[in-house]
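Based on the provided sequences and hints, a complete structural model is requested.
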Amino acid sequence: MRHQSIWLADDGWGVEVIDQTGLPAQCQIRRVASVGEVLGAIVGGVVRGPGLISVLAGYGLALAARRDSDIVPVMTAWHALAATDPRCPRLRGVLDRMREVLDVTPPAERAHRAYMEADAIAAEELAGNLAIGRHAMGMLRRVGAGGGDGKPQTLLLAAEPGWLSSVGWGAASAGLFLAQEQVDLRRATGGVLGEDIAPPQVVTIGPLAAWEMVEAGIPHSPCDLDGALDLVQRGVVERLFVAAIRASARGDVLVPTGTGDLARAAKVAGAPLHVCLPAAAINWQALGPGTITAPGADILPLSLITGFITDRGPVAAEADALLDRFPDHEPMSIGELPAANDA
-10 MRHQSIWLAD DGWGVEVIDQ TGLPAQCQIR RVASVGEVLG AIVGGVVRGP GLISVLAGYG
50 LALAARRDSD IVPVMTAWHA LAATDPRCPR LRGVLDRMRE VLDVTPPAER AHRAYMEADA
110 IAAEELAGNL AIGRHAMGML RRVGAGGGDG KPQTLLLAAE PGWLSSVGWG AASAGLFLAQ
170 EQVDLRRATG GVLGEDIAPP QVVTIGPLAA WEMVEAGIPH SPCDLDGALD LVQRGVVERL
230 FVAAIRASAR GDVLVPTGTG DLARAAKVAG APLHVCLPAA AINWQALGPG TITAPGADIL
290 PLSLITGFIT DRGPVAAEAD ALLDRFPDHE PMSIGELPAA NDA
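With the working numbering applied, the sequence shown has no gaps in its numbers, which climb one by one up to 332 at the end.
Hints in this document: simulated from the structure, not taken from any laboratory.
It cannot be assumed that every hint is accurate.
[To be verified] Label pairs and their in silico Cβ distance ranges: (1) Pro316 x Pro95: 29 to 39 Å; (2) Gln15 x Asp215: 25 to 35 Å; (3) Thr178 x Gly302: 23 to 33 Å; (4) Asp57 x Val181: 52 to 62 Å.
Quantities reported herein were computed from a predicted structural model and do not represent experimental measurements.
By construction, the Cβ of each residue, glycine as well, lies at the ideal position given by its N, Cα and C atoms.
Below you can see the structure in the form of structure tokens.
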């Protein structure tokens, strides 16, 4: 892995993150060492993206247990963290998982056990997006090969940002990073190692996605939302990879504002649109868009989606396809919050 956006500090208990408020002009590391600082980092935009926020929230509960292992203050922290985005399945899933562990752990062991669980959650977030990237590689091989003229297709990466919003691999961009690693390995070994893959021509939206591409040495064309929409409408963009904020079990997807316009333009232009979707981002209780909406964001219906790339592989854009691909996934409730003194 080339990049990482969150890690434990050298002292073994503080958490360090990349401060996104200064990017792309300045890359700084921010230390967070209390629940209050975790909340400040989330609300203040120091960390962005549901994947990264959820992982940081897990460490936030570990910090709370380290300060006071009694379950009451830990649950007070739980509620404060949950309130930052009550409809986020990733956040609620992480907090519920941490709570279940802390509930059955003796107070003297709570802090240690909380850090272990938060570490495991971070590792799973990393592995899930890496799996999506590996599944995307098959599609990128075809995209990079292009059509009959051999010219690589142009792919629009509708994700702002990518790995910065996760632990170290962005769901929508991981495949591009893996492809570039193969290119770099092949170049470094004179063609002895590395796959002979031609990455697509990448168009990025926004400064943070462009910064990530520069850091990885991935050739790209930076663009703003209006410019990207124009490229899609003119047929220059031949495929889109979209990052999801969250999704319903039937495939309705919440995406950043403006992505809906891109999706509608892609539909008219005949450009396939693939949503890169970790299972953790799916609200399995939601069978429609009503419970996944958020201010300032768009909903993509199935009719605008060509398919999903999940951590278990490609999934067709059909009503029950996600449920069929994840039959063993236990439904998760985003209903009533537990009482602050629940143990």
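A quick look at each hint next to the structure:
no. : hint                        : result
1   : Pro316 x Pro95: 29 to 39 Å  : 36 Å, holds
2   : Gln15 x Asp215: 25 to 35 Å  : 26 Å, holds
3   : Thr178 x Gly302: 23 to 33 Å : 30 Å, holds
4   : Asp57 x Val181: 52 to 62 Å  : 56 Å, holds
Against the hints set out earlier in the document, no violation occurs for any number.
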